[in-house]
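Novice: Given chain G's structure and the hints, the job is docking chain Z onto it.
Chains G and Z are the protein sequences, given in the same order.
The opening residue of the first sequence carries number 1 in the working numbering; numbering runs sequentially from there.
The opening residue of the second sequence carries number 1 in the working numbering; numbering runs sequentially from there.
Derived by calculation from the structure, the hints in this document are not laboratory data.
Each residue gets a CB set at the ideal place from its N, CA and C atoms; glycine is no exception.
There could be a bad hint or two in this list.
Claimed, not checked - Derived SDA-like pairs (lysine to any residue); straight-line CA-CA distance at most 25 Å:
1) Z:Lys121 x Z:Arg106
2) G:Lys42 x Z:Thr35
3) G:Lys42 x Z:Arg106
4) G:Lys42 x Z:Ile60
5) G:Lys106 x G:Cys60
6) G:Lys589 x Z:Thr35
7) Z:Lys81 x Z:Leu128
8) G:Lys145 x G:Ile115
9) G:Lys585 x Z:Asp123
10) G:Lys42 x Z:Glu144
11) Z:Lys141 x Z:Asp123
12) G:Lys42 x Z:Phe5
13) G:Lys42 x Z:Glu23
14) G:Lys42 x Z:Gly131
15) G:Lys589 x Z:Val42
Unchecked claim - Covered stretches of chain Z, going by a simulated chain G footprint (3 or more residues, C-beta under 8 Å):
16) 40-46
17) 118-127
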Amino acid sequence: MNSCTDCLSRNTCQSADKPMENYIRQLPRETAHHRVEGQSTKCGFGLQGVCCRLCANGPCRITPDAPRGICGANADTIVARNFLRAVAAGSGCYIHVVENTARQLKNTGLYKDKIRSEKALNHLAELLDVTGADKYDLCVKVADKVLSDLYRPEYEPMELVEKLAYKPRVQRWKELGIMPGGAKGEVFNNIVKTSTNLSSDPVEMLTSCLRLGISTGLYGLQLTNLLNDVVLGDPVIRSAPVGMNVIDPDYINILITGHQHSLFTSIQDRLLEEDVVEKAKAAGAKGFKLVGCTCVGQDLQLRGAHYTEIFDGHAGNNYISEAVLSCGAIDAVLSEFNCTLPGIEPVCDELKIKQICLDVVAKKANADYIPFNYETRQADGDRIIDEIIAAYKERRGNVPLNLFPEHGNKNTLTGVSEGSLKEFLGGSWKPLIDLIAAGKIKGLAGVVGCSSVAYGHDTLTAELAKELISRDILVLTAGCSSGGLENIGLMTPEAAELAGPNLKAVCKQLGIPPVLNFGPCLAIGRLEIVATEIATEMGVDLPQLPLVLSAAQWLEEQALADGAFGLALGLPLHLGVPPFITGSKLVAKVLTEDMVELTGGRVIIDNDGKSAADTLEAIIEEKRKALKI
Amino acid sequence: MKRIFIDPAKCDGCKNCSLACMESHRQDGGRGLYTLDLTDPVNQSRNRIISDGMGGYRPIFCRHCDSPDCANTCMSGALEKNLETGLVTYDKDKCAACFMCVMNCRYGVPAVSPDRTRIIKCDFCAHLEEGPACVRACPKKAIEVREV
Numbered sequence: 001m002n003s004c005t006d007c008l009s010r011n012t013c014q015s016a017d018k019p020m021e022n023y024i025r026q027l028p029r030e031t032a033h034h035r036v037e038g039q040s041t042k043c044g045f046g047l048q049g050v051c052c053r054l055c056a057n058g059p060c061r062i063t064p065d066a067p068r069g070i071c072g073a074n075a076d077t078i079v080a081r082n083f084l085r086a087v088a089a090g091s092g093c094y095i096h097v098v099e100n101t102a103r104q105l106k107n108t109g110l111y112k113d114k115i116r117s118e119k120a121l122n123h124l125a126e127l128l129d130v131t132g133a134d135k136y137d138l139c140v141k142v143a144d145k146v147l148s149d150l151y152r153p154e155y156e157p158m159e160l161v162e163k164l165a166y167k168p169r170v171q172r173w174k175e176l177g178i179m180p181g182g183a184k185g186e187v188f189n190n191i192v193k194t195s196t197n198l199s200s201d202p203v204e205m206l207t208s209c210l211r212l213g214i215s216t217g218l219y220g221l222q223l224t225n226l227l228n229d230v231v232l233g234d235p236v237i238r239s240a241p242v243g244m245n246v247i248d249p250d251y252i253n254i255l256i257t258g259h260q261h262s263l264f265t266s267i268q269d270r271l272l273e274e275d276v277v278e279k280a281k282a283a284g285a286k287g288f289k290l291v292g293c294t295c296v297g298q299d300l301q302l303r304g305a306h307y308t309e310i311f312d313g314h315a316g317n318n319y320i321s322e323a324v325l326s327c328g329a330i331d332a333v334l335s336e337f338n339c340t341l342p343g344i345e346p347v348c349d350e351l352k353i354k355q356i357c358l359d360v361v362a363k364k365a366n367a368d369y370i371p372f373n374y375e376t377r378q379a380d381g382d383r384i385i386d387e388i389i390a391a392y393k394e395r396r397g398n399v400p401l402n403l404f405p406e407h408g409n410k411n412t413l414t415g416v417s418e419g420s421l422k423e424f425l426g427g428s429w430k431p432l433i434d435l436i437a438a439g440k441i442k443g444l445a446g447v448v449g450c451s452s453v454a455y456g457h458d459t460l461t462a463e464l465a466k467e468l469i470s471r472d473i474l475v476l477t478a479g480c481s482s483g484g485l486e487n488i489g490l491m492t493p494e495a496a497e498l499a500g501p502n503l504k505a506v507c508k509q510l511g512i513p514p515v516l517n518f519g520p521c522l523a524i525g526r527l528e529i530v531a532t533e534i535a536t537e538m539g540v541d542l543p544q545l546p547l548v549l550s551a552a553q554w555l556e557e558q559a560l561a562d563g564a565f566g567l568a569l570g571l572p573l574h575l576g577v578p579p580f581i582t583g584s585k586l587v588a589k590v591l592t593e594d595m596v597e598l599t600g601g602r603v604i605i606d607n608d609g610k611s612a613a614d615t616l617e618a619i620i621e622e623k624r625k626a627l628k629i
Numbered sequence: 001m002k003r004i005f006i007d008p009a010k011c012d013g014c015k016n017c018s019l020a021c022m023e024s025h026r027q028d029g030g031r032g033l034y035t036l037d038l039t040d041p042v043n044q045s046r047n048r049i050i051s052d053g054m055g056g057y058r059p060i061f062c063r064h065c066d067s068p069d070c071a072n073t074c075m076s077g078a079l080e081k082n083l084e085t086g087l088v089t090y091d092k093d094k095c096a097a098c099f100m101c102v103m104n105c106r107y108g109v110p111a112v113s114p115d116r117t118r119i120i121k122c123d124f125c126a127h128l129e130e131g132p133a134c135v136r137a138c139p140k141k142a143i144e145v146r147e148v
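So here's chain G without its partners, still in its complex pose (with noise of 0.2 Å):
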């Protein structure tokens, strides 16, 4: 990487935050944004997903001359064996989360570490049905029942499901036979069926399809989050600076990227402590920071209450990553998961910004590799500590700084959470019912899952959520739209200006944004129990509420696995773009229409704000009108 600018694409995508635009089109290096446009050419085999290359006569393409690939798969068997794959791969994905996060509990416990939220932890017990000799024991019995379902064999129903979801669904799964079994064998074997001249049958891999999604929502998802309570505190409301506004070039900044926060906890902690401050100073900073990327940020974000001192801001989402970096007063990356864009390399070598990555299934190739081990946690913090001095010293004062003070905004209210918003509202959902059955909030629409930027850096995400909420549409986030929709400033409260006049009345009175943000994407497991609990109250199941999902952008597959979890709790899913199924008219069939009649859910596919909006928009009107508000 040099500094040439000159061959540098200068066609940049468009983003819905224009002062990120305008900065990354600047920028002296090349990023995401830039390489859009040498990726426009896309391949139509592979955006209707009937392109296979699971076999040494592939890659077979479908086409009106060869309607079938070489085996005799038609395009039906490859669609919905890519789709499965996808999905497979990415309950993967959560289920290693929650397995290490379930394994960080029982750590806290076995060497009686510091536990944030005996609250939390009293509340999953409970919720688990378990019980221990202290908060200790409490700590391993619940991590311990949590990793004993993970690792039950595919064909051993797990035991945890009946009690975390609801019982109407729970009704509904059984008729079905989607019930799932061990979380990781359900991968296992799903991955097994969409190997070469295995299944052929379109509707089973569906169905297997939402036995993942329901593995991967209640436990990849929902567990994570209040797993995660225990060892890092409570979300709570409060008021905090968002965008790279956040970065201050007098500490040695540390930008977190993946989505395993239990991951950092003890060098966090130490990174406030004495001794190390010392060091810092010893440097010539002032001490260290943390600065949030991606969705680990967004969960620090969602905790910050806790971590005023040592955590700086949520920066923004994965696709500003490689713009951050160029800030230049970034240090070092410490990675332990997705979405760590290989993209950053590039620029953390020209920049000289150290990058350790703490879990090998996000191994970056110029990463040093420091494995998170529990009983080592100590030693390896400190060496990563004094890695990251070693580069705060090499690299200041011999790199550019290209700060960005005025991006972002300095009032998002973020700790949105199932219990904070409940807490918030009196301690009862009633009063949110109220509102909705008054009309003047019209329905709830959770604005989830990633950012991408092949058709626009969050620019759907964005133009959707202001859509809806003109509409009186109360949006939650949750994601990475939420890194995107807070650097537009949609969770001031000044945002309540773009409401609809009911919904504006709503944010006004109560102070509050109409769009909240509920953190991370595994915070898609608290809008569901945020859900469960309004259905509970009124009585009714959850694809009778008047609630959408939307992944406008969504990006990789562990959104499709979330996905799958969104059409087994039965609710409209809105998507930019089809998830390559369209070869297929029968998967897109299933998709579309069909699993209305299965779970009552549905996919929609729609890459325009305002008609998606409308849509989503009528299914709401719909709802309401069943429920006779």
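Specialist: For chain Z alone, coordinates are given in the frame of chain G:
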């Protein structure tokens, strides 16, 4: 006069040109590659990519020949060489569906329509101001439009 020129050495056989052709000529009113029906013979492409048997590819496109076999053997006058534009045009209303063109084109370009009432042949995307869709879709620039 414009012609499509082909550099087979650059072709990777991705068939983006074929899909672009199918998309450009689809009749179902839809738009965008996501919804193009890849199993419907009505949507067949006017170009094709064949293997050269040596690990490379031969993109087969209508050359709008100076002395076109198809037009020369067309008895109904449906196929004509337009001396002004250089294109070999096809008028399906005049077509007798005798398929002499299909039998005579030395490159095997004209194809019989699925209902056997007409032929399918490159029209240089006459309906598109920006010119042939195939050329714009090629990621390797193996095909290009040149003035001749």
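Novice: Decide, hint by hint, whether the structure agrees.
Specialist: Results for each hint:
A C-alpha spacing of about 14 Å is found between lysine 121 (chain Z) and arginine 106 (chain Z), which places the hinted pair at or below 25 Å, so the restraint holds. Taking the CA atoms of lysine 42 (chain G) and threonine 35 (chain Z), the gap is about 14 Å. The hint holds against a cut of 25 Å. Among the hinted pairs, lysine 42 (chain G) with arginine 106 (chain Z) is inconsistent with the structure: their alpha-carbon atoms are about 32 Å apart, more than 25 Å. Between lysine 42 (chain G) and isoleucine 60 (chain Z) the CA atoms are separated by roughly 21 Å; this keeps the pair inside 25 Å, and the hint holds.
Proximity of lysine 106 (chain G) to cysteine 60 (chain G) is assessed by CA-CA distance (about 47 Å); at most 25 Å being required, the pair is judged violated. Proposed proximity of lysine 589 (chain G) and threonine 35 (chain Z) is supported: the alpha carbons are some 13 Å apart, at most 25 Å. A hinted pair counts as satisfied when its Cα atoms are at most 25 Å apart, and lysine 81 (chain Z) with leucine 128 (chain Z) qualifies at roughly 20 Å. Between lysine 145 (chain G) and isoleucine 115 (chain G) the CA atoms are separated by roughly 18 Å; this keeps the pair inside 25 Å, and the hint holds.
Of the supplied pair hints, the one linking lysine 585 (chain G) and aspartate 123 (chain Z) is violated, its CA atoms being roughly 30 Å apart against a limit of 25 Å. For the hint pairing lysine 42 (chain G) with glutamate 144 (chain Z), the CA-to-CA distance comes to about 18 Å; that is within 25 Å, so the pair holds. Distance restraint check for lysine 141 (chain Z) and aspartate 123 (chain Z): the Cα-Cα separation of roughly 20 Å lies within the 25 Å cut-off, and the hinted pair is therefore satisfied. Our distance criterion of 25 Å between C-alpha atoms is met by lysine 42 (chain G) and phenylalanine 5 (chain Z), whose separation comes to about 22 Å.
For the given pair, lysine 42 (chain G) sits about 13 Å from glutamate 23 (chain Z) by alpha-carbon distance, which is consistent with the 25 Å threshold. For the hint pairing lysine 42 (chain G) with glycine 131 (chain Z), the CA-to-CA distance comes to about 19 Å; that is within 25 Å, so the pair holds. Restraint check for lysine 589 (chain G) and valine 42 (chain Z): the C-alpha separation of about 21 Å stays at or below 25 Å, so the hint holds. Proximity of the stretch 40-46 of chain Z to chain G, defined as three or more residues with a beta carbon under 8 Å from a beta carbon of that chain, is established by the 6 residues found.
Proximity of the stretch 118-127 of chain Z to chain G, defined as three or more residues with a beta carbon under 8 Å from a beta carbon of that chain, is not established by the 0 residues found.
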